[in-house]
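> Here is how the chains run, residue by residue.
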Amino acid sequence: MTESFRIGFLPLVDAALPILAHELGFAAREGIAIELIRDMTWATVRDRLLYGHTDAAHLIAPLAIATALGRDRPPVAMAVPFVLGLNGNAVTFSIALAGAVGLGATLGDPAAIGAALRDVAAARRGAGKPLRFGVVHRYSSHNYMLRYWLAGVGIRPDHDVEIVVTSPPFAADALAAGEVDGICVGEPWNSIAVDRGVGQIALATAQIWRRGVEKILAMREAVAGERQGAVEALVRALHAAAAHFVMPEAAEESAAILARPEYLGAPHDAVLRAITDRIRVVPGGDPVHYPDFMFQYREAANFPWRSQAAWLYAQMTRWDGTPFSESDAETAASVFRPDIYRAALAGTAAPLPGASSKLEGGLDEPIGAGSVQGRLVLGSDRFFDGRAFDPDDIPAYLAGLE
Amino acid sequence: MRIAIIDTSTTRAAIISDGLREAGLDDLVLIDPAGPLVAQVETARPEVVLINLENPSRDLLEDFFAMSRALARPIAMFVDQSDAEATGAAIDAGVSAYVVDGLSKQRIKPVIELAIRRFQAFSTLQRELDEAKNALAERATIDRAKAILMKRRQIDEPAAYALLRGQAMRTNRRIGEIAEAIVTSDALLGDME
Chain A
3 MTESFRIGFL
13 PLVDAALPIL
23 AHELGFAARE
33 GIAIELIRDM
43 TWATVRDRLL
53 YGHTDAAHLI
63 APLAIATALG
73 RDRPPVAMAV
83 PFVLGLNGNA
93 VTFSIALAGA
103 VGLGATLGDP
113 AAIGAALRDV
123 AAARRGAGKP
133 LRFGVVHRYS
143 SHNYMLRYWL
153 AGVGIRPDHD
163 VEIVVTSPPF
173 AADALAAGEV
183 DGICVGEPWN
193 SIAVDRGVGQ
203 IALATAQIWR
213 RGVEKILAMR
223 EAVAGERQGA
233 VEALVRALHA
243 AAAHFVMPEA
253 AEESAAILAR
263 PEYLGAPHDA
273 VLRAITDRIR
283 VVPGGDPVHY
293 PDFMFQYREA
303 ANFPWRSQAA
313 WLYAQMTRWD
323 GTPFSESDAE
333 TAASVFRPDI
343 YRAALAGTAA
353 PLPGASSKLE
363 GGLDEPIGAG
373 SVQGRLVLGS
383 DRFFDGRAFD
393 PDDIPAYLAG
403 LE
Chain B
16 MRIAIIDTST
26 TRAAIISDGL
36 REAGLDDLVL
46 IDPAGPLVAQ
56 VETARPEVVL
66 INLENPSRDL
76 LEDFFAMSRA
86 LARPIAMFVD
96 QSDAEATGAA
106 IDAGVSAYVV
116 DGLSKQRIKP
126 VIELAIRRFQ
136 AFSTLQRELD
146 EAKNALAERA
156 TIDRAKAILM
166 KRRQIDEPAA
176 YALLRGQAMR
186 TNRRIGEIAE
196 AIVTSDALLG
206 DME
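So the protein lines, in turn, are chains A and B. For what it's worth, our numbering labels the leading residue of the first sequence as 3, then goes sequentially. For what it's worth, our numbering labels the leading residue of the second sequence as 16, then goes sequentially.
Be careful, since some hints might not be right.
Per label pair, the in silico range of CB-to-CB distance [unchecked claim]:
| hint | chain 1 | residue 1 | chain 2 | residue 2 | range |
| --- | --- | --- | --- | --- | --- |
| 1 | B | Thr58 | A | Ser382 | 48 to 54 Å |
| 2 | B | Ser83 | A | Arg31 | 47 to 53 Å |
| 3 | B | Ser83 | A | Ser382 | 40 to 46 Å |
| 4 | B | Arg17 | A | Glu181 | 23 to 29 Å |
| 5 | A | Ala30 | B | Arg60 | 51 to 57 Å |
| 6 | A | Ser6 | B | Arg168 | 45 to 51 Å |
| 7 | A | Ala79 | B | Gln121 | 24 to 30 Å |
| 8 | B | Asp47 | A | Glu254 | 44 to 50 Å |
| 9 | B | Ser83 | A | Leu403 | 25 to 31 Å |
| 10 | A | Glu251 | B | Arg168 | 49 to 55 Å |
| 11 | A | Leu403 | B | Arg142 | 50 to 56 Å |
Chain A stretches covered by chain B per the calculated footprint, using a threshold of three residues with CB under 8 Å from any CB of chain B [as the list claims (entries may be wrong)]:
| hint | segment |
| --- | --- |
| 12 | 34-45 |
| 13 | 53-60 |
| 14 | 136-144 |
| 15 | 163-172 |
Take a look, some chain A residues computed to stay more than 10 Å from chain B by CB distance [what the hints assert, rightly or not]:
| hint | residue |
| --- | --- |
| 16 | Gly104 |
| 17 | Ala117 |
| 18 | Gly156 |
| 19 | Gln230 |
| 20 | Glu251 |
| 21 | Asp341 |
| 22 | Ala351 |
| 23 | Gly372 |
Hints are computed from structural coordinates only; laboratory data are not their basis. The model shown is predicted, which means the values in this text are computed figures rather than measured ones. C-beta: ideal position from N, C-alpha, C; glycine also.
Given these sequences and hints, build the entire structure.
Written out as structure tokens, the structure reads:
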């Protein structure tokens, strides 16, 4: 009998892999079926997952960790056997803020834009109307990437600027309505804001962290345990979909599928630009090519590094003001399950890292990395401020940020 | 116990509040979906918040709850693991609830159960309404198709209906579908003669 997975998702380009695995037969080839359940808020995606409306979900990584830690609710053990992609988000300013900061017609330097933004933020705060940024969820990589950048250029989040929540499908509307001065959101919502003439893209999040962990495939740990064989088949199907997704000749078809009303319900061209790393920065402008804007496959991008989860946990303690705890750090890192990934892809052509954790942000140049299967090369994974993250000494990392 | 109701459907919100009132829970605040959500909730200071599962403001609302931990009366999510069945039923019905930390389960349970029943009742009502609307629309399409046949084939109404019915039976389709096809093709091709 074919095992079926109901997978929850929000209308975002990086929901591509489960959608394509279903539409293009990668799931069927692994003997499983996928049913996609679309929602409009992360809270609903999470609730359906926790109460069995869905078996797995396209989810923001920090929300899976917060759920396992029991932040704001009773804890539920979670498992992440597969990373659906790195980066693919952007910071978009309102036209007025873009003008005040003096954004150019291409993607600029994060430190230089940050310095100009600091002056504007100080002036606005002085005038009693502090700048306000929208992020997609309190427990989102968007929140942590934006805060990392702001703090790194000397702008204190929650003090110099306000940060509020706006779910992805409403982010461009919030910018258009003047409710926020900037948004940090996934595609196609930045491009939609630009195409509507209400925003200008300031930065790709890949400029803040070159290899930043983004959406993950989340499930309850109980499901991962009870349905081990089927979960491994799902991982293989998603991996095959990822290999297909990054082929240039596949982009047109992928964009056409994703753009459909039942998936993203978004303009084909905006979706295609995101997939092909071409970013329209200013309304009416020519798209700018920014390599690795979205990063869905190479360098074992889908491997759930425990150190990625640890970085997210470090940001969570930093911004929630909760004290660092060794046991929480362990719980958070253990949400990411390289063991399932390895078991699923053993005996295939996929490169499998030998380690489960690494120094994040330590590479300037591509370098060969230890693998138990295949040849693995990791590219530069720098943070914009050059700081590296050692998952084995989070307290020292946090102390260094103060 | 003050209960705030946030719903994108004002009709459903009214149905729920009626039910709660009948059960003697009359300290109710209906949040205006068109107004500023957080400000209204903050002013109402509810102990229980009922919100439709698919409400687009849920991420925003949860962020507000997390931020307001600093307040004297922190709000926690209801979804209690010890009562997963009831919470599952709530999610099935399409309702989500948040309660002030420390509120006893005995007091919350009837509210949630009532909300679930009212949500389900609303869904049934909605379905019946949709079905009635569809039936009405189909009726109108069939009448238009009959009129087209009567005019173009110079036949009377019973003959036109017999024609529709015969075609539906032969092709194993509903009469409504046949009528729809006739109306569509007449709109596209009707003036070609």
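> Where does the structure disagree with the numbered hints, that is, which hint numbers, in rising order?
none
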